[in-house]
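First to last, the sequence lines map onto chains A and B.
Counting from 1 along the first sequence, just add 17 to a position and that's the residue number in our numbering.
Counting from 1 along the second sequence, just add 240 to a position and that's the residue number in our numbering.
Please note: incorrect hints may appear among the correct ones.
Unchecked claim - To give an idea of the chain B side of the interface with chain A (calculated C-beta under 10 Å), a few residues:
| id | residue |
| --- | --- |
| 1 | GLU259 |
| 2 | GLY276 |
| 3 | ASP281 |
| 4 | MET290 |
| 5 | ARG299 |
| 6 | LEU302 |
| 7 | LYS314 |
Said to hold, decoys possible - Subject to a maximum C-alpha distance of 30 Å in a straight line, what follows is the list of computed BS3-like cross-link-like pairs (lysine-lysine):
| id | chain 1 | residue 1 | chain 2 | residue 2 |
| --- | --- | --- | --- | --- |
| 8 | B | LYS270 | A | LYS178 |
| 9 | A | LYS175 | B | LYS270 |
| 10 | B | LYS251 | A | LYS208 |
| 11 | B | LYS314 | B | LYS294 |
| 12 | A | LYS175 | B | LYS252 |
| 13 | A | LYS212 | B | LYS273 |
| 14 | B | LYS314 | A | LYS178 |
| 15 | A | LYS303 | A | LYS178 |
| 16 | B | LYS296 | A | LYS175 |
| 17 | A | LYS175 | B | LYS273 |
| 18 | A | LYS339 | A | LYS416 |
| 19 | A | LYS297 | A | LYS212 |
| 20 | A | LYS166 | B | LYS252 |
| 21 | B | LYS314 | A | LYS19 |
| 22 | A | LYS166 | B | LYS273 |
| 23 | B | LYS296 | A | LYS178 |
| 24 | B | LYS273 | A | LYS236 |
| 25 | A | LYS19 | B | LYS296 |
| 26 | A | LYS435 | A | LYS421 |
Calculated from the structure, these hints are not laboratory results.
Values in this document were obtained by computation on a predicted structure and should not be read as measured data.
For each residue, glycine too, the CB sits at the ideal point set by N, CA and C.
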Amino acid sequence: MKNALSFSLADFFFNDSPDVLSPPSDFEEWMNDPRTQECFGFFEQQLLSAPKSSTEILSNLEGKPKKVINLTSYNYLGLSFHPEVIQAAIEGLQKYGLGASGAPLLSGTLDLHAKFARMLADFKQKEDCILFSSGLAGNLGIMQGILRKGDLLVLDEKCHKSVIDGGTLSGARMQFFDHNDTEHLAQILDKNKDKRILVAVDGVYSMDGDLPNLPEIVKICDLFPDVRIYIDEAHSTLIFGANGRGVAEYFGLEDKIGISFGTLSKSFGGVGGFVCSNAKIIRYLKGYASSYSFSCASSPPVVAGLIKALEIATRDSTLRDKLWENTHYFKKNLQDLKLDLGNTESQVIPIIIGSSGELLFEMARDVQKKGLFLLPIDFPAVPATSRRFRISVSSQLTKDEIDKACNIIEDSIAKRLKKK
Amino acid sequence: MTKEEIIKVIKKNILENLEEIDENEIDINKSMKDYGANSLDIIEVVSCSMRELKIKIPRTELAEINTIGQLADKFLEHAE
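Chain B with its partners taken away, still in its complex shape (with noise of 0.2 Å):
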């Protein structure tokens, strides 16, 4: 799996998690608190993709992250 194939997930999740925003928008360098994201939009948008990706990384080591880049780094560590 491509960090760019892991982007396209959370990206999707994303979009369909919250309101009012484009995909062209989401720059991966920015957090999801950017795009009005709030705690448990955050939770449902990394659970979600975690899910579709088949993979399961402790929230614990999730504490640290603060871009969506940053995120896909972290789920890349982890993809098979």
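If we strip away everything but chain A, and leave its shape as in the complex, we get (with noise of 0.2 Å):
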């Protein structure tokens, strides 16, 4: 293929193959050049130990085991190793045993499912809570359990794609508006009154790190009296607000937040989504969100780690405040080497290369090489104008963890941007 690094994931959706089970046959010339699967190369590496903030991979450059310091694991407060959970987890697996054996509303729902599902309502301080057994599945059941054909759901431009799944298989019209542009927000509103509406955004947006205008966002739809905020929660819930209850409590909005989501695989540890709402809507959603209604209930030994995970996140503020002290001091390492950080407010922190995507993928080489797993993001995952590095930063990385990672950083990300 001629140009092969011209191409992206974003130009082979459409597949004329008249056999459905034959990707487009220029897909497979694409993915077969050698320029496209060096790139590839970084996904799908093998993780050969937890995700902690030291641990080992089977690097695809190098094709044997090699020991990183792991920038892109967003176990953000370290949890799914914690002994505290992992014990609860052992005893969650020898009493229940691996599976819940069941969809949640006949025999999946164990005890441990209800005790939970109470205890992430009562935190998030709304009346009840759904589970799901994966983030997507939460977002896609939320969005085609309570959106129809004939209602709006209002987006960012950089809500997750698992809203615009849901979104999409709703059959509800979808219009985004700009980033964080509540004047462009207004105007969607204005011309839709008629329409039954959702809005959704994001607490923390996962490729910038960024946070929502909600204060105006708020005030916006506090215009209209049947708008409803929908809150995606993936990665502030445990991390802000005065209580780890997420960006609505940060802004001291809770009350303004209709549908609150989170997931359970990022700072909690496990996996898994839930949402929380007021009782009468979560009760028609159990009817209605088909990725509950037709799925298994979560994994019990999953279920009661996340039990303790909640307990330990909870009971006081240690793993928060030392994940702020290190988001804190890496930014402020990255910002001395004149890096283009975007608009991060959170732990989620980009490193903007531009639009090279040679260069982004030379410093992707480069930067594992010396030992940091940290890897590209390309577009159509970002524009294509700022194709980037997405750092998770964890409670879990020591000083020194982070000074080394700054250092290989300076070295093959800063220097090369420096000659540029």
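Please dock the two separately framed chains into a single complex, following the hints provided.
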């Protein structure tokens, strides 16, 4: 292929192949191009140990195990391997076994699920909570469960793919407003006064680490009595707010949020999704969210571990405080290197490189060879003009690990950018 | 292939993918967003038009395009 590096996954979605089990012919050609293969070599590299701040990967670049400082796993509080969490999961496994062996509405709901859902509802200060076995399933379930054809889902353009997919599944019309552009949001709401509307924002935008302008968004939505706000606190739960309830708590606007979503795979260290809202809509969702009612309930040892994770993260603020200390220290060091960190205000820190895919992957190879697990984020996951690296800071990082990481970033990224 | 022929194909796909729009309303100096298209609609219109015109342009090359007319110009560069 002549210009393989100009193409991306965005270019092969439509498939003209007469056989549905054959990808497009040019997709094969593109994937088999050595330049494409080199880029894809960064994906699905196996971790050979727990996703700790220092871990080991099977490096595709070198074809052998490699010890690395891990800046990619979103194990923000290190709870996935916390000894108390592991012990709770072992006890859950011994008592209940591996699987729930049923859909939640039938035999899948264990006392563990009911206890954890109650704990999450109380934590988020909402009336009730529904659990999903993955974060993506949660967002699909919410949107498909409450929106119908003729409704309007108004989303920030940087909302997560799972919200968009849920919107597509629901049959509702979707309208995106420019990122954090409240004037644009107001125009859309004003034009659609006759529709049932849900406005969706993220607590922390996952590729940029910035926050929604929630005070302004709430002010605008308040002008329309029937407009409701949904917030995806996947990257902000247990991190933002005095009690770790998320960005809505941070802004003091929890009572303005109609429906609050979170994942259990990031700061919680497990897997799953949850939705908190008023008791009536949660009961309704249980009947209409297919990813809830037609899916096996979450694995019992995972739920047992998650109950402990929530206890640990909320009994005091030790882990959260450490995460913020690390985030501030890391960010300060990166700012000293004059790197473009966008508008991050969180533990998700992008290092924006620009439009050159070649440069991004050249830096990515060098970074990994020097012992840093920091993956490139390429178009179409981010705009073609702002390809980047994305750091997920963890409370588990030591000062020494951050210093070493910054030295590698300086050598492999900052110096190359200066040469440009 | 002429620019007019390309514009005809793009307009046809806009009409097929967007609701409540009349062909005479479409001004090629405007963006599809001005007619209520979201980013998924735009991907659909662009992909269907490219398929019909038998051209393939990397999305990265389309990132800077703002209007329907600019899209037609870009297609024309790649048309046989």
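**Study point:** Violated hints, by number in ascending order, as checked against the structure
**Key:** Hint 7 is the one this structure does not satisfy, whereas the remaining hints hold.
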